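With these hints in hand, go ahead and build the complete structure from the sequences.
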Amino acid sequence: GAGVSQSPRYKVAKRGQDVALRCDPISGHVSLFWYQQALGQGPEFLTYFQNEAQLDKSGLPSDRFFAERPEGSVSTLKIQRTQQEDSAVYLCASSQVRQGQGRETQYFGPGTRLLVL
Amino acid sequence: GNSVTQMEGPVTLSEEAFLTINCTYTATGYPSLFWYVQYPGEGLQLLLKATKADDKGSNKGFEATYRKETTSFHLEKGSVQVSDSAVYFCALSAPQGAQKLVFGQGTRLTINP
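Top to bottom, those sequences are chains A and B.
End of the first sequence sits at 190 in the working numbering; the numbers just go up one at a time, nothing left out.
End of the second sequence sits at 119 in the working numbering; the numbers just go up one at a time, nothing left out.
Since the hints were derived computationally from the structure, they do not count as laboratory data.
As the structure is a computational prediction, the values presented were derived from the model and not from experiment.
Glycine included, each C-beta is placed from N, C-alpha and C at the ideal position.
You may find that some hints are simply not true.
[As the list claims (entries may be wrong)] A few chain B residues facing chain A, derived, Cβ under 8 Å: (1) Y45; (2) P46; (3) G49; (4) L54; (5) K106; (6) F109; (7) G110.
In structure tokens:
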């Protein structure tokens, strides 16, 4: 009965460095979401996967952000050439149902706090 | 587009006080509405939800009613405890598409003994 896990929990990067953030969803969950939460703000949607297919990436702020979920389970969010404005908490969430099948609860991981210096 | 507006914080109350945190939304169609809570040092947890007009979500003494006529989903609790201190987020998911959540900015609640 493990929940959503994310790693690392904290990441400090120098400006220009590439980073990779990992999300392990709840086993069997079809849908996976990434959100970005700036300090003192609510989370904002980045991208959505249904199994291995990335069906919505409308929230990715630039082409430096890339996400994948090659086997429909673990997902990685990669940020290339990090900038100071990328500093935020990156949240992963998963849910059981497919797009359009209903309003299933999203379960969130603890987040990865990224600080770009 | 879809959006959520929450009562600005921080909110500080004494134990056993009555709590209301206001939330209004803008959306096309009939979204689902949620309250999530973030306790210190922990991840976001679903507190309650409602999926259609006039539904009432409830959990741990908290309640919120989906009011389509006023596009609101205000969170209430009759008697707060110190352990309720957290950040509360109102959110919606649109009826179509990927069910991505649109969040308000959050309200930090502190309960003093």
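Point to revise | Interface hint for L54(B), Cβ within 8 Å of any Cβ on chain A | key: violated (10 Å)
Practice item. Tell me if G49(B) is really an interface residue toward chain A, meaning its C-beta lies closer than 8 Å to one of theirs. Key: Status holds, d = 4 Å.
**Study point:** F109(B) as an interface hint toward chain A, with CB separation required under 8 Å
**Key:** holds (3 Å)
Practice item. Hold the hint about G110(B) up to the distance rule: shortest CB distance to chain A must be less than 8 Å. Key: For G110(B), the interface hint holds, since the closest Cβ of chain A sits about 5 Å away, which is under 8 Å.
Exercise for review: Would you check whether P46(B) satisfies its interface hint, that is, whether its CB is within less than 8 Å of any CB in chain A?
Suggested key: violated (12 Å)
**Study point:** Hint check, K106(B) versus chain A [nearest Cβ-Cβ separation less than 8 Å]
**Key:** holds (4 Å)
Check your understanding: Regarding the hint that Y45(B) lies at the interface with chain A, is the smallest CB-CB distance below 8 Å?
Key -> Constraint on Y45(B) not satisfied, violated at 11 Å.
Of the numbered hints given earlier, the model fails hints 1, 2 and 4; all others are met.
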